[in-house]
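Could you put together the complete structure from these sequences and hints?
Here the protein sequences come in this chain order: A, B and C.
Per our numbering, the first sequence starts with residue 1, numbered consecutively.
Per our numbering, the second sequence starts with residue 1, numbered consecutively.
Per our numbering, the third sequence starts with residue 1, numbered consecutively.
Just so you know, the hints here were simulated from the structure itself, not pulled from any lab data.
Here the structure is a predicted model, which means the values were calculated and not measured.
Watch out, some of these pointers could steer you wrong.
Identical chains blur together in the list; that is why a pair holds if it fits in one copy or across any two.
[What the hints assert, rightly or not] With a cut-off of at most 25 Å between alpha-carbon atoms, the simulated DMTMM-like pairs for lysine to aspartate or glutamate come out as follows:
hint, residue 1, residue 2
1, 139, 82
2, 66, 33
3, 19, 49
4, 19, 51
5, 19, 219
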Amino acid sequence: MKIQQEAAHDVSDEPLLSKHMHAFILSHGSLEEALAFLLATKLANTNLDFDVLYELFWDALRSCAKIRSAICADIKAVKDRDPACLSYCHCILNYKGFQACEAYRIFHYLWVQGRQPLACLLQSRVAEVFAVDIHPAAKIGKGVLFDHATGVVIGETAVVGDNVAILHGVTLGGTGKQGGDRHPKIGEGVLIGAGASIIGNIRVGEGAKVGAGAVVLIDVPPRTTAVGCPARLVGSRTNPSTLK
Amino acid sequence: MKIQQEAAHDVSDEPLLSKHMHAFILSHGSLEEALAFLLATKLANTNLDFDVLYELFWDALRSCAKIRSAICADIKAVKDRDPACLSYCHCILNYKGFQACEAYRIFHYLWVQGRQPLACLLQSRVAEVFAVDIHPAAKIGKGVLFDHATGVVIGETAVVGDNVAILHGVTLGGTGKQGGDRHPKIGEGVLIGAGASIIGNIRVGEGAKVGAGAVVLIDVPPRTTAVGCPARLVGSRTNPSTLK
Amino acid sequence: MKIQQEAAHDVSDEPLLSKHMHAFILSHGSLEEALAFLLATKLANTNLDFDVLYELFWDALRSCAKIRSAICADIKAVKDRDPACLSYCHCILNYKGFQACEAYRIFHYLWVQGRQPLACLLQSRVAEVFAVDIHPAAKIGKGVLFDHATGVVIGETAVVGDNVAILHGVTLGGTGKQGGDRHPKIGEGVLIGAGASIIGNIRVGEGAKVGAGAVVLIDVPPRTTAVGCPARLVGSRTNPSTLK
Chain A
1 MKIQQEAAHD VSDEPLLSKH MHAFILSHGS LEEALAFLLA TKLANTNLDF
51 DVLYELFWDA LRSCAKIRSA ICADIKAVKD RDPACLSYCH CILNYKGFQA
101 CEAYRIFHYL WVQGRQPLAC LLQSRVAEVF AVDIHPAAKI GKGVLFDHAT
151 GVVIGETAVV GDNVAILHGV TLGGTGKQGG DRHPKIGEGV LIGAGASIIG
201 NIRVGEGAKV GAGAVVLIDV PPRTTAVGCP ARLVGSRTNP STLK
Chain B
1 MKIQQEAAHD VSDEPLLSKH MHAFILSHGS LEEALAFLLA TKLANTNLDF
51 DVLYELFWDA LRSCAKIRSA ICADIKAVKD RDPACLSYCH CILNYKGFQA
101 CEAYRIFHYL WVQGRQPLAC LLQSRVAEVF AVDIHPAAKI GKGVLFDHAT
151 GVVIGETAVV GDNVAILHGV TLGGTGKQGG DRHPKIGEGV LIGAGASIIG
201 NIRVGEGAKV GAGAVVLIDV PPRTTAVGCP ARLVGSRTNP STLK
Chain C
1 MKIQQEAAHD VSDEPLLSKH MHAFILSHGS LEEALAFLLA TKLANTNLDF
51 DVLYELFWDA LRSCAKIRSA ICADIKAVKD RDPACLSYCH CILNYKGFQA
101 CEAYRIFHYL WVQGRQPLAC LLQSRVAEVF AVDIHPAAKI GKGVLFDHAT
151 GVVIGETAVV GDNVAILHGV TLGGTGKQGG DRHPKIGEGV LIGAGASIIG
201 NIRVGEGAKV GAGAVVLIDV PPRTTAVGCP ARLVGSRTNP STLK
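Structure below.
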């Protein structure tokens, strides 16, 4: 396994990491086993036993091919898209956005199975440990990069397409006026900059970009950029002149 | 107690939650006892003993009827105003904004009693554990909803009225130019959107709304909406035409 | 040592703090020893031993006069510039921004020595524990104040001058378009308000101010203020009329 080679290389360079790398990477037979162990270690506490969480996570990862395939796509997305990512091993061990996303995939699976109170408890632990708050009912595609990740909030009826990149501080929120379907729908390959808020049941088309700090309250057509507070549209591939 | 019925119902649906629900809800004789236990568990660490914190919190909650009445109003606010809140039990166990707010109520009580170093230590633990930083001298009314809560900062001389809703990433900050009374005064029933910053000793009138990402540097009249960066006013109940 | 006098005074006022103050302040022979102990306590976990971290941190602080001098300047900056800071002891114990900054100074030192995987692991622990994400390769001067600190992100090729104040939620980020030198350069004495994003390899001149929530995509001349999203320049000491 490529990831174990990376871990062994790091340990030979830095023997201080030996215990850490054995616990999280080198002692496991598969990526899924390593991830179940890592997430159970981080999310367990006095009244939420490691053993219970490990069994639950390992079971979900073994049972659900869709999660397994999403995990692989997510790791590749982090490594390919973040110039600061040194290795796959680095992504798994040190990216709390990656860790929060994979925890979400498991508690979303539990939510879909009708295990609401358990899914919500895990959502809450992820919000506490990683400062990332993703509702278990939200739908998130594969190959998604959560970079830095602190402060990300994704609401109950949000939908995020494949290969989306979401920076820290991003909100996919509701207007607070109603229940029901009230959160954004984000198309494939969208890039959402740091601190951007996308609010309401609106659509951000595939390949669109949302600038840092933008507050988006209107639909954004495909391959268009939205900037500002409130956000305006500033050009697209088919209409390269901007509205600035 | 309604909350214990909810907890028992969740345990019968999901036996994995049994230990968790017993520790935090089912083994306690009152809401205050449960909350003192929960907060002491979350805020204790190696050099800050659970027993010391539990006694301190339980004592504050027993002694101060004002905190007890605020807690009830806060739980109701979360349940009534957040469509994603499943039950009162869900609010107590899983909303770090609720937990941070109730911890604030206790360390504000300690601050008012002249126990500054202890109050500041608890403020710091809440900032670390929940990523919510509320100065112990700030004054916050009852029935307040802190939704998601990551990144909230409320300064020393801020005042927040009853029934205010504050989303994640909100700052009630100073201008950094001076000491003294330097933070915002927020009227009753105000709604402050995600990531909004309200800066300086300014007044946001009752029933006003502050949009997501707004940066408010001027007074906002009652029942008026402020949006943008820097924020402008965009209409009110008595003057429904907007300045957009 | 002034700081120990402050701690002893707090313990005499508040005996509950005795264990905490002895562990973190009163039992140590120097500020560096106290800080190594505090950071090792906070960043250790099941698979990252306190003893290993304490030796590592203490060794870095003993070996590197530049870090020691920066720590003193940082403490003074917090005490002098934040009206809410009660004492030097209060800063060391309760300011997660200060703690995250000093941890950065140590893992930056490790990064420069070629110990990348160890430095990245510590960066990740600081992101998890304090919600502050500073790349170990970033260069940060001395006398820096990180106030509140939740959500701060500083990229790999960012440079921050001496005596800069950075509020919570600030991003010194890249545009995501390229690798290489892609992050901002912040001059001496700059003040960056809450939630501001400064994006790309741009320059913010000495003594400049960046308003809360500003999104800065262009160079900011010295002693000039940038506000808005995207940010525009609104006057300077030599050109006091504003461009509003």
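Hints, verified against the model:
{"no.": "1", "hint": "139 <-> 82", "verdict": "both (23 Å within a copy, 20 Å between copies)"}
{"no.": "2", "hint": "66 <-> 33", "verdict": "within (16 Å within a copy, 43 Å between copies)"}
{"no.": "3", "hint": "19 <-> 49", "verdict": "both (22 Å within a copy, 9 Å between copies)"}
{"no.": "4", "hint": "19 <-> 51", "verdict": "both (20 Å within a copy, 13 Å between copies)"}
{"no.": "5", "hint": "19 <-> 219", "verdict": "neither (50 Å within a copy, 46 Å between copies)"}
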